[in-house]
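Full structure from sequences and hints, please.
Going left to right, the sequence shown walks through residues -16 to -1, 1 to 534 as mature numbering (1 follows the signal peptide of the UniProt record, and there is no 0) numbers them.
Derived from the structure by calculation, the hints contain no laboratory data.
If you're wondering where the values come from, they're calculated on a predicted model, not measured in any experiment.
Among these hints, one or two may not hold up.
Unchecked claim - In silico DMTMM-like pairs for lysine to aspartate or glutamate, Cα to Cα no more than 20 Å straight-line: (1) LYS361 - ASP312; (2) LYS348 - ASP317; (3) LYS233 - GLU196; (4) LYS228 - ASP75; (5) LYS438 - GLU499; (6) LYS228 - GLU80; (7) LYS298 - GLU338; (8) LYS348 - ASP403; (9) LYS348 - ASP299; (10) LYS399 - ASP379; (11) LYS100 - GLU83; (12) LYS151 - GLU166; (13) LYS100 - ASP222; (14) LYS410 - ASP465; (15) LYS298 - ASP385; (16) LYS233 - ASP75; (17) LYS457 - GLU502; (18) LYS230 - GLU80; (19) LYS457 - GLU499; (20) LYS65 - GLU257; (21) LYS100 - ASP155; (22) LYS348 - ASP320.
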Amino acid sequence: MRRAGALLCLAGCADAFTGLSVGRPVPKAAAVTAVRRPTCLAATMSSETKPKMAKTDSKDFPVLEVDPLDTGLKVTPNAWKWPVSWPYAGDYFSRESSEADADFYRVAAAALANAKAFDEDAEKALQGHFSRFISPGAEVLEIGAGAHSYLPSGLPRSRHVGVGLSKQEMDANNALLEAPVEQDVNARPKLDFEDASFDVVLITNAIEFFLEPRAILREALRVLRPGGRCIVSFTGKDAYKPLKAKQVKMWRDMNDAQHMWVIGSYFHFSAGESWAELKGYDLTPAGSQGLMSNFGSNKSAVYVVQAVKAEPPKDASGRIRQALRQCDSMESDELDLCCLRLLSDFNDADTPAEAEAVVESASKVAEVYAVLGGLAKGILYPPYKALLASRLATDGWTNSDAQIAALKEGLGMTKVGEDFWGPLGKLTMQMAPEDKVLLLTSLIPLFGTPRGDKSLAALLPTLEAAISTIQEKLPKADPGDVQLLATDLIVTDFLPMDDSAQSNFVSWLADESPEDLESWLNDRKNYKEAAKVAHEEAEAAKNAPRSSEV
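See below:
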């Protein structure tokens, strides 16, 4: 249920368009000209029913022909298949124990008595894999480090640092080459290392305990150099029985073939195209069950899912998508929509500096989506989210506390007060959802600035007077159309004015003829067609041959 009085109550959507402010005479008292956004038109896209995750009771993972030069390879990069959006509900990451991880692990570690997760043959198989993929002299980071790293003896590394729950256990790990970092990555995924500072990131028998695997893999990506590799290895799910209460629910419920798919999906949904060469390996020694195991209780099982950090994209689309991937709450279809919108703005930019600013705004889109992550489902569907986030990102979003609070209240995510959003919601009750989104994108950037706060304080009485004036001049107009024209005049004419001009806005509007108001309303209602025509004309001008070429 939406909160009563919130500006937005969106029940559904079909099309996604950017707004186009229509031209009209500026009030005579205005000191500045209203700002107009350049025309751009995004692709039409419908909201679709999200695909369901593949059933978790299938026993076999699709196994491909084994490449003799890539020992143990079972899943090649082009064999993975993913749903459109993140397929795991919140309870998939629930755990049997609610005890603090450090306290729980301290007791469990004593019960394990420094035991290894792999038997001798499995350890040798994993060591062989590490020998193939860790180059001599590599700088290695191990996330979820403990008493054993399972590296082959004599493997030369210039650096090997561990991050884990227990300093005592890591101190006993002779593979680590510098002081370990005691950190609970479930409580704080952010790592205290510079960007591009490691060649290899290892996660060994730890992924099943992570509550935010995407965030941790994004950190792995950040600290890796381009071409660096993240290697996630795991064994049968019951190899560490004293730790079972800290495994996430879906790990306990699934078999090892499914575990491989799950880890692959963590990579995919953490950073998408920023990971390359995503592969799955079954290194289980001959004679053991391997991926055909339903229960994975033996210590001979050893599996690896790994990927390489791709070279940074140089094209605008790749850079935009890479930045958008930083937000967990953005679904794949929303990412595509936002990318389309920003690319349209990029192509419409007049200068290289403006184009670069559009690309850089992608990180702000991710910030807006981080706020929208708390929005109840069904309130704001993907095309509207993309419209809201992309417009805010390019039109003054600073991620300030004032803007975040205003956005949440305007969407009804927090209690709606009667000082602004409640009355505004009533004054715009008949407007279409898309137009409410456009209004929201024009108002949020004003919060938290002296000039903006002053304009917002005058907005409600001015809007109410504007609606009354338009109703009087256009008595047969639809109430929603009256509200639309009034808010459009507020955004494009009233808000950019200086104080003295704002005080004369209502009297200026009262002097305008019904014919002018009717014309402005028609222009505003037909802005999509105008945007399409302008876009086509701009494209035609770009593609027209120069006089010297004729």
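Going down the list of hints, with the structure as the test:
no.: 1; hint: LYS361 - ASP312; verdict: holds, 15 Å
no.: 2; hint: LYS348 - ASP317; verdict: holds, 18 Å
no.: 3; hint: LYS233 - GLU196; verdict: holds, 13 Å
no.: 4; hint: LYS228 - ASP75; verdict: holds, 16 Å
no.: 5; hint: LYS438 - GLU499; verdict: violated, 32 Å
no.: 6; hint: LYS228 - GLU80; verdict: holds, 8 Å
no.: 7; hint: LYS298 - GLU338; verdict: holds, 17 Å
no.: 8; hint: LYS348 - ASP403; verdict: violated, 28 Å
no.: 9; hint: LYS348 - ASP299; verdict: holds, 19 Å
no.: 10; hint: LYS399 - ASP379; verdict: violated, 26 Å
no.: 11; hint: LYS100 - GLU83; verdict: violated, 24 Å
no.: 12; hint: LYS151 - GLU166; verdict: holds, 5 Å
no.: 13; hint: LYS100 - ASP222; verdict: holds, 13 Å
no.: 14; hint: LYS410 - ASP465; verdict: holds, 15 Å
no.: 15; hint: LYS298 - ASP385; verdict: violated, 33 Å
no.: 16; hint: LYS233 - ASP75; verdict: holds, 7 Å
no.: 17; hint: LYS457 - GLU502; verdict: holds, 9 Å
no.: 18; hint: LYS230 - GLU80; verdict: holds, 6 Å
no.: 19; hint: LYS457 - GLU499; verdict: holds, 9 Å
no.: 20; hint: LYS65 - GLU257; verdict: holds, 14 Å
no.: 21; hint: LYS100 - ASP155; verdict: holds, 16 Å
no.: 22; hint: LYS348 - ASP320; verdict: holds, 16 Å
Checked against the numbered hints given earlier, the structure breaks hints 5, 8, 10, 11 and 15 and satisfies all the rest.
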